[in-house]
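All chains should be built: construct the whole structure from the sequences, respecting the hints.
As a plain string of letters, each chain reads:
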Amino acid sequence: MSGANDTADVPIKEPSAADEFWQGVRDELPLMFGVIPFGLVFGVIGIESGLTSLQTILLSSILFGGASQVVFAQLWAGGVPALILGSSVCVINIRHVLYSASVASYLQHLSLGWRLLLGYLLTDEAYAVSIRRFTDGCSGKFQHFHLLGSGSLLWASWQTSTIAGVVVGETIPESWSLTFAIPLTFIAIIAPIMRTRAEIAAAVSAGILAIVGQSLPWNSWLVIAALGGIAAGWLVNRHNNSKRRKQ
Amino acid sequence: MIWFMMVVTGIFTFGTRFIMLSRVASKKLPAWLVEALNFVPIAVLTAIIVPAVLIDPTSQSLSIIGNPRLLAALIAIAVALITRQVITTIGAGLATLWILKWLA
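Note that the protein sequences, when read in sequence, are chains A and B. According to my numbering, the first sequence is numbered sequentially starting from 3. According to my numbering, the second sequence is numbered sequentially starting from 3.
Derived from the structure by calculation, the hints contain no laboratory data. For each residue, glycine too, the CB sits at the ideal point set by N, CA and C. Don't take each hint at face value.
[Unchecked claim] Simulated restraints, written as ranges between beta carbons of each label pair:
{"hint": "1", "chain 1": "A", "residue 1": "M196", "chain 2": "B", "residue 2": "L64", "range": "21 to 27 Å"}
{"hint": "2", "chain 1": "A", "residue 1": "W220", "chain 2": "B", "residue 2": "S61", "range": "18 to 24 Å"}
{"hint": "3", "chain 1": "B", "residue 1": "A80", "chain 2": "A", "residue 2": "G139", "range": "33 to 39 Å"}
{"hint": "4", "chain 1": "A", "residue 1": "M196", "chain 2": "B", "residue 2": "V9", "range": "49 to 55 Å"}
{"hint": "5", "chain 1": "A", "residue 1": "Q161", "chain 2": "B", "residue 2": "I4", "range": "16 to 22 Å"}
Here's what the structure looks like:
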């Protein structure tokens, strides 16, 4: 796929900082096919939800997380209480703790400035490509530049596509149903990764709770469905593990 | 108020990314928490997908029979499983929706 072998062919010479940075950029490139349309759609949705252009654009750098930004805009448009809006965004973004824990051993020795910057850039897409680099054993002491490269490309394309979405958003007719691209994007993310019974249990429970909970006040169905889905997946996983241990 | 919410949720989100790099938090997460966090993307995204597909945007009620978004979503799932590409999945889903709306 990408040029991960470029540097592996020359094991004697350790990759330089620039090597690592551009490797990160190259490894991140294929993901742009998903990120740029998503950013465009978010820009359109932000405006449709009644956010100003400035709010929509700044949300992309302040929150810097696609799903949570969409939910922020939609719940804001729905006039949901601040506490529900806040907890919905937080539940969606809590998964980053997992990424943070996973890269910590590779970045722990860096200065505070580096750790703050790389923490900010630690999104799903940048994590996905850079953790592969960290664990492949070929990267040297400049490996953190790989995350800087992948994260920078993601950040720049996310901001640019959001701005483009804001600019063209007002000219796109509603009959195009462009907001439907959001659930479609999420389908593309989760359909291929659903494998285990526990994952299917998590999805089914979350889906049912999201429908049953529609009449609950303040759109609280999202938090309830998410937590219910996580609990269901976790319980099925536990159950399977204990059965395996007994065998 | 909206600016306040943007900043608060932004700080929280940054916190979730930085916390394990901070040297303040304990080095290792408990195993049960890691197991639970693994299910966050699937649970959250499904909770967003299902109502977006099944709840009619104008009547705000459950719609299954004759719902063009349901068929578009099923086609998108099939395309996602085959191609594993975001762009083809969005394309197939939107194209299906447009065709069904045009036929209706």
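Hint by hint, here is what the structure shows:
no., hint, verdict
1, M196(A) <-> L64(B): 21 to 27 Å, "holds, 23 Å"
2, W220(A) <-> S61(B): 18 to 24 Å, "holds, 20 Å"
3, A80(B) <-> G139(A): 33 to 39 Å, "holds, 38 Å"
4, M196(A) <-> V9(B): 49 to 55 Å, "violated, 35 Å"
5, Q161(A) <-> I4(B): 16 to 22 Å, "holds, 19 Å"
Comparing the model with each numbered hint stated earlier shows that hint 4 is the single one that does not hold.
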